[in-house]
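Protein chains in written order, with the working numbering: chain A, 1 to 537; chain B, 538 to 793; chain C, 794 to 1169; chain D, 1170 to 1601.
Read the hints as simulated data drawn from the structure, not as lab findings.
Model, not experiment: these values are computed from the prediction.
Some hints could be false.
[What the hints assert, rightly or not] Just so you have them, the derived chain D footprint on chain A, three or more residues with Cβ under 8 Å:
#1 162-170
#2 296-305
#3 360-372
#4 394-408
[Unchecked claim] Okay, the calculated bits of chain A under chain D, using three or more residues with CB under 8 Å as the criterion:
#5 197-208
#6 239-249
From the three backbone atoms N, C-alpha and C, an ideal C-beta is built for every residue, glycine too.
The lines below spell out each chain.
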Amino acid sequence: MRILALLRGIGLALCLALVALPAAAQDARPLPDEIVTRFLADSFGDTEAAIGAVAASGAPQAADMLQALGDRRLFISASAKGLFYRDGAGKGFDARTGQPADVPADASAVRLNNRLRGVVQAALGTLTLLSPDPVQRLRAAESVFKSRDPAALPAIEQALARETNARIRNVFEEARAAIIIADTKAPEASRMAAASRIAETGDQDGLALLRQLSAQATGNLKSVIESSIQTIERRQQIRQAGQTVWFGISLGSVLLLAAIGLAITFGVMGVINMAHGEMVMIGAYVTFMTQEVFRARFPHLLDWSLPIAIPLAFIITGLVGVLIERGVIRFLYGRPLETLLATFGVSLILQQAVRSWFGPTNREVSAPSYMSGSFEFIGLQITYGRLWIVVFTLVVFFALLLLLKATPLGLQMRAVTQNRRMAASMGIRTRFVDAMTFGLGSGIAGIAGVALSQIDNVSPNLGQNYIIDSFMVVVFGGVGNLWGTLISAFTLGIANKLLEPFAGAVLGKIIILVLLILFIQKRPRGLFALKGRAVEQ
Amino acid sequence: MSTQTPGAGLTSAILYLDGVSVSFDGFKAIRGLSLTLEQGEMRAIIGPNGAGKTTMMDIITGKTRPDAGDVLFDGGRIDLTRYDEAAIAELGIGRKFQKPTVFESHSVADNVLLALKGRRGPFSALFGARNRVKPDEIDAILDKVRLLKHRARPAGDLSHGQKQWLEIAMLLAQDPKLLLVDEPVAGMTDAETEATAELLKEINRDHSVIVVEHDMHFVRALQCKVTCLHEGSVLSEGTIDAVASDKRVIEVYLGR
Amino acid sequence: MLTMRFLKLIEGRGLVFLAVLTGLMLLVPIGNLAFPPGSPFHVSTGTVVLLGKYLTYAMLAVALDLAWGYCGILSLGHGAFFALGGYAMGMYLMRQIGTRGVYGHPVLPDFMVFLNYKELPMTWWGFDFFPYAMMMVLLAPGLLAFVFGWLAFRSRVTGVYLSIITQALTYALFLAFFRNDMGFGGNNGLTDFKDILGFNVQAQGTRVTLFVLTCLALMGTFIVARVIVSSTYGKVLIAIRDAESRTRFLGYRVEHYKLVVFVLSAMIAGVAGALYVPQVGIINPSEFSPANSIEAVVWVAVGGRGTLVGAALGAFVVNYMKTFFTTGWLASYWLFALGGLFVLVTLAMPKGILGLYDQLRGKFSKPATEPGREAA
Amino acid sequence: MTNMSFTRRGVLGAALGGAAVMASGVRPVFAQGAPIKVGILHSLSGTMAISETTLKDVMLMLIEQQNAKGGLLGRKLEAVVVDPASNWPLFAEKARELISQHKVSATFGCWTSVSRKSVLPVFKELNNILFYPVQYEGEESERNVFYTGAAPNQQAIPAVDYLMSKDGGEAKRWVLAGTDYVYPRTTNKILEAYLLAKGVAKEDIMINYTPFGHSDWQTIVSDIKKFGSAGKKTAVVSTINGDANVPFYKELGNQGIKATDIPVVAFSVGEEELAGIDTKPLVGHLAAWNYFQSVKNPVNEAFIKSWKAFKKNDKAVTNDPMEAHVIGFNMWVKAVEKVGTVDIDKVIDTLPGIEAPNLTGGVSKMLPNHHITKPVLIGEVRGDGQFDVVWQTKDLVPGDAWTDHLEGSKDLEADWVTLKCGNYNTKLKKCG
């Protein structure tokens, strides 16, 4: 409740500010000292009060300050008895005056806890509703929606009047509705209207708000709220179904990504490549190293580290693959079960090598801006990271398909795997093709590592988590059949996700495995098996 | 005869194929093949590669299920399409493969031992009579195929021709009603070929035999009825001379 | 006469093996009990336990060799049968704790008490009764192997596919046993055993007895395996391994032959597991982990597949390496050593240690009758 | 060979330790007498290496520093390192080897409960000392084991109290998410009982278990989101273990669950784990420990300094289990010095009551139940992978072996001084 009180203060201050907007701009009177002293006290209680005061001060730098505070960019300096902040670019300012200044050496960031973060956001919300930056306006609107402070109503109205961006408008309207419906003093009619407005576009948050209110509400209002709750819930259910499918698809794409490489080394060449997981792992470490370089050399280009890591990972793991093929596997063709043992040995060696080189602990691979966060698509929560992975996987898949079908190398690969002797007699350098094929498979595994570094540990154990699943995908899809791999990956992914809500994560997986075993009984050669005399012997 | 509805008694043939067809992924390997083999008859099957010779063997021995047609055995009493390899072997059809497949790591004698007629169940193999067969039984058979002196050698060490013979020996040990022999003389010297022909004729005294072979001299030496297959069905049938002089045969197979 | 046939059946190498085992069986207990610590002849209890553990692994290896080396069934799930046998024994041992658990609950094992189970799950009934437990040691793995094998062999799942679904099998069990809701103690598994048939498992005497029993079990396993592989049945197994469809055309029901050997092998693995648990004092789901099963396969490969003696030898060698390499400065290299060994064996000596030995010997004597040759 | 490598390191490390003697690089002179061996039983390979390797290193550092100070009882300390390779039976085997073969005077090791359970019989049989440095589910007190990590009442319950407080955001609705093994199971049982006792409705508690190394969190995270939108302030208590955390937090970040909406408090996520994650999206999420690297006091700063020097890595982080080893080691040293021998029984009997400074400025004490007193700290994740301490207990909390919140254990108590019993039943007035 204290929050509301102070927000009301802000609201008034803001209205004044708006009236005298041009005036306020030049006016640069320093913040009252007691604000600074309160911050210097560095106790959550004082900080809270101070935040309120800053917001209410109507000083032009208030918004920047609070923004800075939220991002741990607001500093107190005991020596200078002063308050400073940096802007996004790292430029220092004296918070009291808002003039540029150097941040003293002993300055330490003002500590927050979650409750204070809430307060800051609420305050910022009302302050930045009119910000020129649409992203900020959106965030502002959302935080107003959360705080539902009646005093912010005029600001919202005004903002709405100017707003052109439909998406933001919508949020503004929701926020407005939220304020009205939450305001017990507002006329019932308008509150009911607000309720149905929320029902129109509301999502989880809207639901939360309505549920909360339906408790206190009475009479018609209550019934309207109840019905709006149902409308939203119905919508949510449909979305839930869609959501599950999406999760399935994205899980499927991860499985596929992990399995494609194996579909080459195992599916096409018949090498039971137990070191496949480690190829993925190496790919992830390549990503890590690339990012390290970028962090050190050109941090401003960090977002580019992933795109650049992709070819690197492909080349490096590809080379490792070629080495393994030349050094071990080429001696074992026609003895698949031996390749299993040898590659298992290789996988142990690679794991331990990475462990002693990079250390056993996880390595940080940060998400580039375009892969973090999420967006709403026809009501589905879709995270950019996952979306990119799905897209990326499909690109890799079809690129590979093209390579196998359309390029001479691909042609030779298929020739060699189908009839080695014939191919050789036609002058194909089979040994070279073998090496290339295995290298290709490994390289693709490496690429998978780049993507998986975004959602999983980058640790020496990374590969272990995927190897078995990958084999299941390939076998289920039918060895030597890329399309089969694609379909089986998505089938397993979606099936897994459909089971998870009922059976739970573990049991779900177990059920899938058992079904898989039974399926192999029905079709010993997977979904898409070749028929005829050729494959029977 | 292709219009007859088959069944017990309608045919006295040991083997009776009628209107048999099978296709792999769209490719028709056998189309409407009909063939009859009388009790105690020997038949040579010739034909170019891909004529469906081996596929026909696969169908008879239950390795491949036909899409259509009847495959009857032993005077039409048994519908072979309803049994699997093991069962068909027990019914009395023995097969020698194109590429000789013997149990390389077993001794020659053991190869024959495994083929010997008798109960095939795992438990009879563990405790039963199989463990006490009289060696002379085996030796007799090995003697027939001139492998007696090699009885202790691992089959893997035998020459190509000897392997062929070992396979025939295994057929003899099985003592089936019908023998399917796929290219028995491939990679044999002329002398060996002659001997094989004699051996087969001897076998034919108390077994029905189908021989698939390219070597026309050998076929001639067998002095039996010949069937020429082409694209999965019978192109021509009759004495070796009749078939050899058949124009269609000449153009698709023997060549000019 | 009979002895003659026996000797012939075991053949030279087997006799050496049995002799060595007998030696161990006699000397180790004496060294441990008769000689005081400090005496040069003393065998520490630690060593007894360690050897006992190796022997159970050797048993698992022999079982696996029976299926893989002689019938070509490469099971990547034998760890599962081993673990099932182990759990059966572990459950018996848990029930023996009785009221001596930390909570002093008369019936429930500790982990059930703090996951507040109200009464004993049905799966646990009867395990306080030793014969029943022993029966389960055989039945649990046996039945699983039977059902699985019956499905797989009937539908002719072979080679790689079979290996992979056996792996799926053990992986599924691995996940399942981790779940605490399964009522098998979840990740912590079964541990803190008190006594077996009234003897304290910690007691020196008990340990030695268990060791001797393990020796006997391994010998028994070996002899049975020899009898099997040198019977006609064994010959058929090898025939199946070398040319499966040819064997079919001879009229053998390959699936039955495979099923019998698979189930038998699974049961032996179960017994090995049952002997393993009281000696190491814990059984936990990690025994189901696919890596463990693969490792067991590697033991066989190292020793020489298709030579029962070799399998046992391999189990010994690899596990001794493990013990040796995981101490002191070597610790950070042992995975390199293990991995390197796998690669080396598959590349340099595809027939394992014994195979290598034979090749050297083979130059002089004719190898036809040697089992090493049979395994080719 | 072993000794070789370590004494060589010894010189170096001790020098870094900054002891006066070493500054000149002169070896300290040890009185006659064989070195005292200390066992280190942590996985250096396999899945647990991720957490345990650093504990091995910290032990090596402590031993070097002790040697630099002239060793113990004038004898040199010698570390015996073994690698149980995350393989539980191997833990038992290695423990046996350490005790009966290397004759160690004490062993520092284990991380997972199962590894501890697997070595327990060995330590009892051969009567030796194990220092166990990791927070665990409690429900155990053995004569041969000293638990320097947190018992549930030293981590879980204070954390929940904090989230219920005003500063914690007055959470009313709870998600208890954990990896499916004993520690989370027990902890969540305790918490559930505790929450219900605090008047939280049953339908306001959601419990969820996932397998080890669970990597696909989409469904669960979105379920949490849904559960959190029932109009009541919701908090997540995470007992998710090691590897699974990274994907979990990455998913939280991606699905935009902000600490201000649904705070997550974790019991198994420390500086080590955060090192593997980009923490910017996670700012404000919480962890409950008895130590954070960011704690400001001279003792801690000195420790961090020497640790970074020892690892020759300026980014090296410290964490709670490391502190536990520091405390445990110092307690052991004090106890040995007090009785003037490494005789196992004497040391075991002396340890209770021994005090040693912890790194958060207090002095921890070994209790008769073989657990120690510790402060409880709540830290908030910072953008740089460190924690801000936002709350901490006034004074040290004594570790409680047998929680009062579970049926089976509420009547039990452990006391190795007077009762000489690890599970004394106060109702039946008898041991076990």
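Results for each hint:
| no. | hint | verdict |
| --- | --- | --- |
| 1 | 162-170 | violated (count 0) |
| 2 | 296-305 | violated (count 0) |
| 3 | 360-372 | holds (count 9) |
| 4 | 394-408 | violated (count 0) |
| 5 | 197-208 | holds (count 4) |
| 6 | 239-249 | holds (count 3) |
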